[in-house]
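**Q** Taking the hints into account, I'd like the entire structure generated from these sequences.
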Amino acid sequence: MKKILLITLLLLQFSLYSQNSSQWNIGIEYSADNISFSDDVDGIDYILTEGANGYEGIEYNQNNYTLGLTSNYFFGEKWGISSGLLYSNKDFKGDFRCINCNIYSAPNPEIIEQRFLVIPISINYSLLTGGLKPILEGGIKNNFEIQNKAKGKSKGYFLEAFIGASINYGFTENLTSGIGYNYQTAISDLYKSDEYNLRTSSFLLKINYELK
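Mind the numbering: the sequence shown is residues -20 to -1, 1 to 192 in mature numbering (1 follows the signal peptide of the UniProt record, and there is no 0), read in order.
This list has only true hints and no planted wrong ones.
Straight line, CA to CA, 25 Å or less: simulated PhoX-like cross-link-like pairs of lysine-lysine:
#: 1; residue 1: 131; residue 2: 73
#: 2; residue 1: 73; residue 2: 133
#: 3; residue 1: 73; residue 2: 129
The set of hints was computed from the structure by calculation and includes no laboratory data.
The structure presented is a predicted model; accordingly, all values stated were derived computationally and were not measured.
**A** The structure is reproduced here in structure tokens:
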């Protein structure tokens, strides 16, 4: 947790640098999220959530998405820092059973709802200036659990790191929209016995309004 706070403070301090030629914008962002497990452990498709019990045959094939408000602060024409408040669902399908028991039971998969408030913090760099801007970004996402219907107990929080790219177009002096792609991976575990890091590929749409 100390490392997480240190990273957050460093990124926030970066936003205080160079107050000249700065500007704010606020926006709405939506992304369709394709979630999967990492391949760190081959042949295992379960998560232990309560002792020897957990969910087996896990599939993140639900309509997972992220939606919320963002804020961007730019200094100069190329550098910026972003944050926001997002709502994200990371639902999965799995069969709850004793994972380490040699007992057969009929499959009974169920959809497990997992909902989070997400606070992203990222640094942005614009490759071009003008009406059409390709932008690269990288940062972290703090995921705070607000609903989890999985049996067992989670930590209530996990952290992701992400990189991404987007193309933004200015329709007017104040209004821009963009499309982009983010790749993110969990760097901490939601459950104490996680065998995996979540990976997420996100295709996003956003609309921003510049505040003078």
